[in-house]
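Visitor: All chains, full assembly: derive it from the sequences and hints.
Protein chains: 2
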Amino acid sequence: MKNLTIDITKIYNFVNQPAVASLNAEVNNSIDKLLNGTGKGNDFIGWITLPHDIAFQLDDINATARMLRKECDVIVCIGIGGSYLGAKAVIEALSNPFACYDNSKPKIVFAGQNISEDYLFELQEYLKDKKFGIISISKSGTTTEPALAFRLLKTQLEQQVGKQVARQLIVCITDKAKGALRTLATEEGYKTYVIEDNIGGRFSVLSPVGLLPIACAGFDINRLIKGADDMQKICTSKDLDNNPAATYAAARNALYSKGKKVELLVNFEPKLHYIAEWWKQLYGESEGKENKGIFPAAVDFTTDLHSMGQYIQEGERHLFETVISVQTPKHHVDFPYNESNLDGLNFLAGKRVDEVNKMAELGTMLAHVDGGVPNIHITLPVLDEYYLGQLLFFFEFACGISGYILDVNPFNQPGVEAYKKNMFALLNKPGYEKESEAIRQRIAQN
Amino acid sequence: MKNLTIDITKIYNFVNQPAVASLNAEVNNSIDKLLNGTGKGNDFIGWITLPHDIAFQLDDINATARMLRKECDVIVCIGIGGSYLGAKAVIEALSNPFACYDNSKPKIVFAGQNISEDYLFELQEYLKDKKFGIISISKSGTTTEPALAFRLLKTQLEQQVGKQVARQLIVCITDKAKGALRTLATEEGYKTYVIEDNIGGRFSVLSPVGLLPIACAGFDINRLIKGADDMQKICTSKDLDNNPAATYAAARNALYSKGKKVELLVNFEPKLHYIAEWWKQLYGESEGKENKGIFPAAVDFTTDLHSMGQYIQEGERHLFETVISVQTPKHHVDFPYNESNLDGLNFLAGKRVDEVNKMAELGTMLAHVDGGVPNIHITLPVLDEYYLGQLLFFFEFACGISGYILDVNPFNQPGVEAYKKNMFALLNKPGYEKESEAIRQRIAQN
Chain A
1 MKNLTIDITK IYNFVNQPAV ASLNAEVNNS IDKLLNGTGK GNDFIGWITL PHDIAFQLDD
61 INATARMLRK ECDVIVCIGI GGSYLGAKAV IEALSNPFAC YDNSKPKIVF AGQNISEDYL
121 FELQEYLKDK KFGIISISKS GTTTEPALAF RLLKTQLEQQ VGKQVARQLI VCITDKAKGA
181 LRTLATEEGY KTYVIEDNIG GRFSVLSPVG LLPIACAGFD INRLIKGADD MQKICTSKDL
241 DNNPAATYAA ARNALYSKGK KVELLVNFEP KLHYIAEWWK QLYGESEGKE NKGIFPAAVD
301 FTTDLHSMGQ YIQEGERHLF ETVISVQTPK HHVDFPYNES NLDGLNFLAG KRVDEVNKMA
361 ELGTMLAHVD GGVPNIHITL PVLDEYYLGQ LLFFFEFACG ISGYILDVNP FNQPGVEAYK
421 KNMFALLNKP GYEKESEAIR QRIAQN
Chain B
1 MKNLTIDITK IYNFVNQPAV ASLNAEVNNS IDKLLNGTGK GNDFIGWITL PHDIAFQLDD
61 INATARMLRK ECDVIVCIGI GGSYLGAKAV IEALSNPFAC YDNSKPKIVF AGQNISEDYL
121 FELQEYLKDK KFGIISISKS GTTTEPALAF RLLKTQLEQQ VGKQVARQLI VCITDKAKGA
181 LRTLATEEGY KTYVIEDNIG GRFSVLSPVG LLPIACAGFD INRLIKGADD MQKICTSKDL
241 DNNPAATYAA ARNALYSKGK KVELLVNFEP KLHYIAEWWK QLYGESEGKE NKGIFPAAVD
301 FTTDLHSMGQ YIQEGERHLF ETVISVQTPK HHVDFPYNES NLDGLNFLAG KRVDEVNKMA
361 ELGTMLAHVD GGVPNIHITL PVLDEYYLGQ LLFFFEFACG ISGYILDVNP FNQPGVEAYK
421 KNMFALLNKP GYEKESEAIR QRIAQN
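Going down the list, the sequences are from chains A and B. According to the numbering used here, the residues represented by the first sequence are 1 to 446, in order. According to the numbering used here, the residues represented by the second sequence are 1 to 446, in order.
In short, the hints are calculated from the structure, not lab data. On a predicted model such as this, the values are computed, not experimentally measured, just so you know. Some hints could be false.
Identical copies carry no separate label here, and so any pair may be met within one copy or between two of them.
As the list claims (entries may be wrong) - In silico lysine to aspartate or glutamate, EDC-like type, Cα no more than 20 Å apart, as pairs:
| id | residue 1 | residue 2 |
| --- | --- | --- |
| 1 | Lys434 | Asp370 |
| 2 | Lys2 | Asp384 |
| 3 | Lys128 | Asp334 |
| 4 | Lys128 | Asp239 |
| 5 | Lys429 | Glu355 |
| 6 | Lys434 | Glu417 |
| 7 | Lys351 | Asp334 |
| 8 | Lys420 | Glu355 |
| 9 | Lys130 | Glu187 |
| 10 | Lys351 | Glu122 |
| 11 | Lys421 | Asp370 |
| 12 | Lys258 | Glu316 |
| 13 | Lys330 | Glu125 |
| 14 | Lys176 | Asp43 |
| 15 | Lys429 | Asp334 |
| 16 | Lys421 | Glu355 |
| 17 | Lys292 | Asp370 |
| 18 | Lys238 | Asp197 |
| 19 | Lys420 | Asp370 |
| 20 | Lys420 | Glu385 |
| 21 | Lys421 | Glu435 |
| 22 | Lys420 | Glu122 |
| 23 | Lys105 | Glu125 |
| 24 | Lys163 | Asp73 |
| 25 | Lys130 | Asp102 |
| 26 | Lys351 | Glu433 |
Guide: As structure tokens, then:
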């Protein structure tokens, strides 16, 4: 069977092959650190063996998903950041975008990923006449956004179906022993899954955090894990020429050192939009520290060739592109013939639509390279569970290597506390009295 | 009545007030060029008087929208770039995100904004048992993506309802006299609206291009235009201290000249997500040329504080943020009290959810400014048609000023042809024989 492949030949106009190859020692060293647990943040590398370690839980997760799918018209997944993006990304990648309009059940919706009063109001209105279930995902159970959503929806569910039935329709994914959500789940007798201590949020898509929502959406998590497991073997190999994670990590660091400070993750299939959002967290949060790191951005082509295309072709030359290309679509549509041919497109008639898309992809790559934008090209044979599993693990392992080449701890996120501290001070959280006083003085002085 | 306001005081740690004020002469000069038509690209400034010029067409557009809403379960808007993003942005900003799941009609869906074979297949499947109408938006009628979608859907509609009925359910927005879509519309007797020669795609949201889809979605385009018209008077004023477009244009250029090469458009209300996509085209396509221009990116907070927050707080210091803040939500939800208080959030009980969101916003601004990220703050009193009209015109006019300060032609997009030329050469388009030969040789040599 074919695997995900990567092609970096279209960066060699900008950074030559020896310069990339000169990173091989660092890449090797980084792989060692990841596999031996000797690098920075080594208490958060449980995700490396997850495709293997999770195997014994898949039957249980599938059984819970079957139960929720049977009982619910709507399943609300509550979570934020890494407890949201992985599931959202895989579900969107595999879903028919028009399925929201049909009568299929269950619908999967998300909550706890914002503090929008209108979003929560409209969600509660929507759920009023629905039989719904809740997957509540939070390591601590105290993160403001998901805790708020869970307060609101737990109460609503209990009011709609009674406390007894509600208990059967709530599943928690949280710390194995401590924290607010674990305590509540124990008290109420909710079904639970564990977020392991050595797996950070942005590396958790292949744990129950991602797998239960994905299974609830009706997708084959066993194939997803199989793909990840197969890719794990490839990415942990020291045969660097055939290790796509090593290649990607070296290429992007070589480009970064030449001043390419913005990476655009590109797709030509709109279903991949949220894969890019997941990737932004993975790379932005892992590398964006110590005033370093490539800025992760994303575009959906050809859509955004008609919005961001001009900038990419001719704007500031601080960009490079990483394209995720899907080799073969799921369905078949031919470009139709038209008698009058007013639009002059009959030269395309009879070709598959995807052939036109592929020539747009190739033509864009050549144009952007000519314009000064290096290009990394990742190919997936098809967009299914198996190859998404490969893609997810590939990006995760490459991120670990890349972060070590950059010499940061890729597994912490010290900067995300700053705004929370201010927010809690502004909201007079007990224990923040000194900070509240200080921030009020600061604002008064402005 | 209050208006949109802007606050740039949180950029003064990074670029001082005199440095921003020193741009006043250039701002003044740019406003003159826009109003007198003496600047670069002056054959494309029809959008400046559009809020006034469009008034006489509103009744007709509303009548067409009423007809389509009455006759159709689904209205498909076909367009790409500026013929897509404006309508999509306004409709999403005003819609209940869960309305896709209910039985309300008509549903508004988009097509012609990609070349995805799966998207087109799944759209055609979805439309099979639906009574649908088409709004086909293209100046030339020959742009590949919308022309392909229109070929497919016109045929499908005619097969489903017959040619006679189909003619009543297709509306074209195109050139006033020439081009493929105008010719077809004349032949078939379709209802049409005109894309004026002096209004480019990314400045067309307040023309029929944006207004007809927005009206079809059930929103009040008269209020949208009223907001834009009121903002037009404010933005064209030489009282620079009270001109938010002048302020925004000066601030972002001052920051750009200090090395802040990435602008993050930030919202704390997920409905604004596509406003940012529209804004990306507006600024990216207007300014990204001659190897210049701020890279436009966007985040939805607090969602993305849990993904991009780390990078923004501590990554490369090439960023600034422009926040769109909505002062008052539409609905009312209080933070609920919880007896057991396991999550420790009872200190928030009884506050409006939006107050928590606002403190997240303020806390984030202070944290990011402390981290080295300047902050521009735009406030809308409420998120409705009127203030969206203000916001759209504000961004458009500021973009014109900003592009002139940057000394580019903000109204052309010479770089978007490069990939198309390659694509047509690769696809053997008649007339591209030489290019086809050349590109094939190039690929063979690689």
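Visitor: Quick one: Lys420 to Glu385, C-alpha cut-off 20 Å, is that within a copy, between copies, both, or neither?
Guide: Neither. Shortest intra-copy (36 Å) and inter-copy (33 Å) distances fail the 20 Å Cα cut-off.
Visitor: My question is about Lys421 and Glu355: at a cut-off of 20 Å on alpha-carbon distance, are they close within one copy, between copies, both, or neither?
Guide: between (52 Å within a copy, 16 Å between copies)
Visitor: Give the relationship of Lys128 and Asp239 under a CA distance limit of 20 Å: within one copy only, between copies only, both, or neither.
Guide: neither (56 Å within a copy, 51 Å between copies)
Visitor: Is it within, between, both, or neither for Lys2 and Asp384, if the alpha carbons may be no more than 20 Å apart?
Guide: within (13 Å within a copy, 51 Å between copies)
Visitor: How do Lys421 and Asp370 come out at 20 Å by Cα distance, when the copy is not named: within, between, both, or neither?
Guide: Close across copies (13 Å), not inside one copy (46 Å); limit 20 Å.
Visitor: Check Lys429 against Glu355 for me: Cα-Cα at most 20 Å, and say if that holds within a copy, between copies, both or neither.
Guide: Answer is between: at 14 Å across copies they meet the 20 Å cutoff, but 58 Å inside does not.
Visitor: Up to 20 Å between alpha-carbons, please classify Lys130 paired with Glu187: within, between, both or neither.
Guide: neither (26 Å within a copy, 49 Å between copies)
Visitor: Regarding Lys292 and Asp370, is the shortest C-alpha distance of 20 Å or less found within a copy, between copies, in both, or in neither?
Guide: between (28 Å within a copy, 17 Å between copies)
Visitor: Given identical chains, is Lys420 near Glu122, meaning Cα to Cα at most 20 Å, within a copy, between copies, both, or neither?
Guide: neither (26 Å within a copy, 42 Å between copies)
Visitor: Please work out whether the CA atoms of Lys420 and Asp370 approach to 20 Å or closer within one copy, between two copies, in both situations, or in neither?
Guide: Answer is between; shortest inter-copy Cα gap is 14 Å, intra-copy 44 Å.
Visitor: How do Lys434 and Asp370 come out at 20 Å by Cα distance, when the copy is not named: within, between, both, or neither?
Guide: Between. Shortest inter-copy distance 18 Å satisfies the 20 Å Cα cut-off; intra-copy 56 Å does not.
Visitor: Between copies, within a copy, both or neither: which fits Lys351 and Glu122 at Cα up to 20 Å?
Guide: between (44 Å within a copy, 18 Å between copies)
Violated hints, listed in ascending order, are 4, 9, 18, 20 and 22; each of the other numbered hints is respected by the structure.
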